Amino acid sequence: MNDQWNNRLSEYLDGELDSTERAALESHLATCGDCYATLAELRQVVAHAKALGDRPPTNDLWAGIRAGLTPGRRPGVSRDTTPVRRRFSFTVPQLLAASIALVLLSSGGAWLAFKPDAGAVGVTPRPGTLLTPVTWTARTDLAVAELQEALTRNESRLDTATVRVVRQNLAVIDRAITEARTALQSDPGNTYLNLHLANTMRRKVELLRRVNALVAES
Amino acid sequence: MPRQVLEDTLTADSIAADTALAASGDPSAFERLYRTHVARVHTLVRRMLDADEADDVTQDVFIRAWQKLSTFRGESAFGTWLHRLAVNVVLARRKSVGIERGRFITEEGPLDRASGRPVTPELSLDFEEALARLPEGAKQVFVLHDVEGYRHEEIARMLGIVPGTSKSQLHHARMALRRHLER
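Those protein sequence lines, which keep their order, are chains L and S. Take our numbering: the final residue in the first sequence is number 218, and no numbers are missing along the way. Take our numbering: the final residue in the second sequence is number 183, and no numbers are missing along the way.
Think of the hints as simulated: they come from the structure by calculation, not from any bench. Some hints could be false.
As the list claims (entries may be wrong) - Listed next, the stretches of chain S that the computed footprint assigns to chain L, with coverage defined by at least 3 CB atoms under 8 angstroms from CB atoms of chain L: (1) 14-24; (2) 28-42; (3) 49-61; (4) 136-147.
Note that this is a predicted model, so its numbers are computed, not measured. Even for Gly, the Cβ is constructed at its ideal location relative to N, Cα and C.
In isolation and in its complexed conformation, chain L is listed as follows:
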């Protein structure tokens, strides 16, 4: 076994040799059974490492963690922090409540709608009752775009924590909208999905209107 090449086997395995070095090492491997065998074993080690699973702790550590959380305080907010200037803020849980419920309802609803035995939920509309989402979604998209533009202009008047929460909520709602639209491409006549999309977009408009209204009052 040539130590010069043996010490480069891991780099070879990880694709970190340049083309000249790689070619030279491959030439060596063609004639050195030891290095060839070592390379195979190193591959096995890497495969083992990638296949290692996670194991939870033997004891439940939550009680100790819970005891270490400062009660009645938002995480990451220092008691000594004094705002440099007054910024408008509103209750984060209020903002969250609607979107959390939406997340659970939308994901659960989509799940029910698409599970194989979901006949009761994935209703096929009767003739003449088919919803046509194109018109109202176009209108709502326009309203959303206007509201988002207004929010972008004014969001510097909100404190950063609030902006972050609003953005997170909008991201959650956008995911739900995307998911509903994707599902509707497969089943455009699904009444539940049409109503779900409408409801989700309405919630987005409401959230944006609310935030913009509060900014305007500040």
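Model the placement of chain S on the given structure of chain L, informed by the hints.
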């Protein structure tokens, strides 16, 4: 949409919602995040430190995560952010105890230490044992590179070494574990 995709979406949405709730000060939401992520964090800590430190350090990781939730911008998944935080806590811990450990370095060769125990039929468990017996530097680099998927440049930055040292330590670790596997 395939069922697995829906399940993943449901999980991701739940975690995003719990992260937002926890950031607003909801300990129940944070407990759900803990239950989802504790196995991964505890395993990382256990592999990089002594097993008897793993519980304490894991608790420390989650308490720090709670304290730092306001810095989580949502640019990555919460799990990714938490994992990186755990790595930082582990490395800081190792740094703080490293001087004391240095006093107890033995003359025993690193490869011998790693391959000195007989193999049991439970190969993966035995692999974990061999991993735990690697010299500290080689173990750190092996866990970060081969188990956790960090690149040498990232590892070098985290550990304050040059990438060449990281590559060398990784090779030594693999060679040690290779000897272990072939017995």
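Exercise for the section: Count the residues of the segment 28-42 of chain S whose CB lies closer than 8 angstroms to any CB of chain L, then report whether that count reaches three. Expected result: This one holds; 8 residues, not fewer than the three required, reach chain L with a Cβ under 8 angstroms.
Problem - Given coverage of the segment 49-61 of chain S by chain L, tested with a Cβ cutoff of 8 angstroms and a minimum of 3 residues - result: holds (count 4)
Practice task
Report holds or violated for chain L covering the segment 136-147 of chain S, Cβ cut-off 8 angstroms, minimum 3 residues.
Solution key: holds (count 3)
Problem - Assertion that chain L covers the segment 14-24 of chain S - criterion: three or more residues, beta-carbon distance below 8 angstroms - result: holds (count 9)
The earlier numbered hints are all upheld by this structure, with none contradicted.
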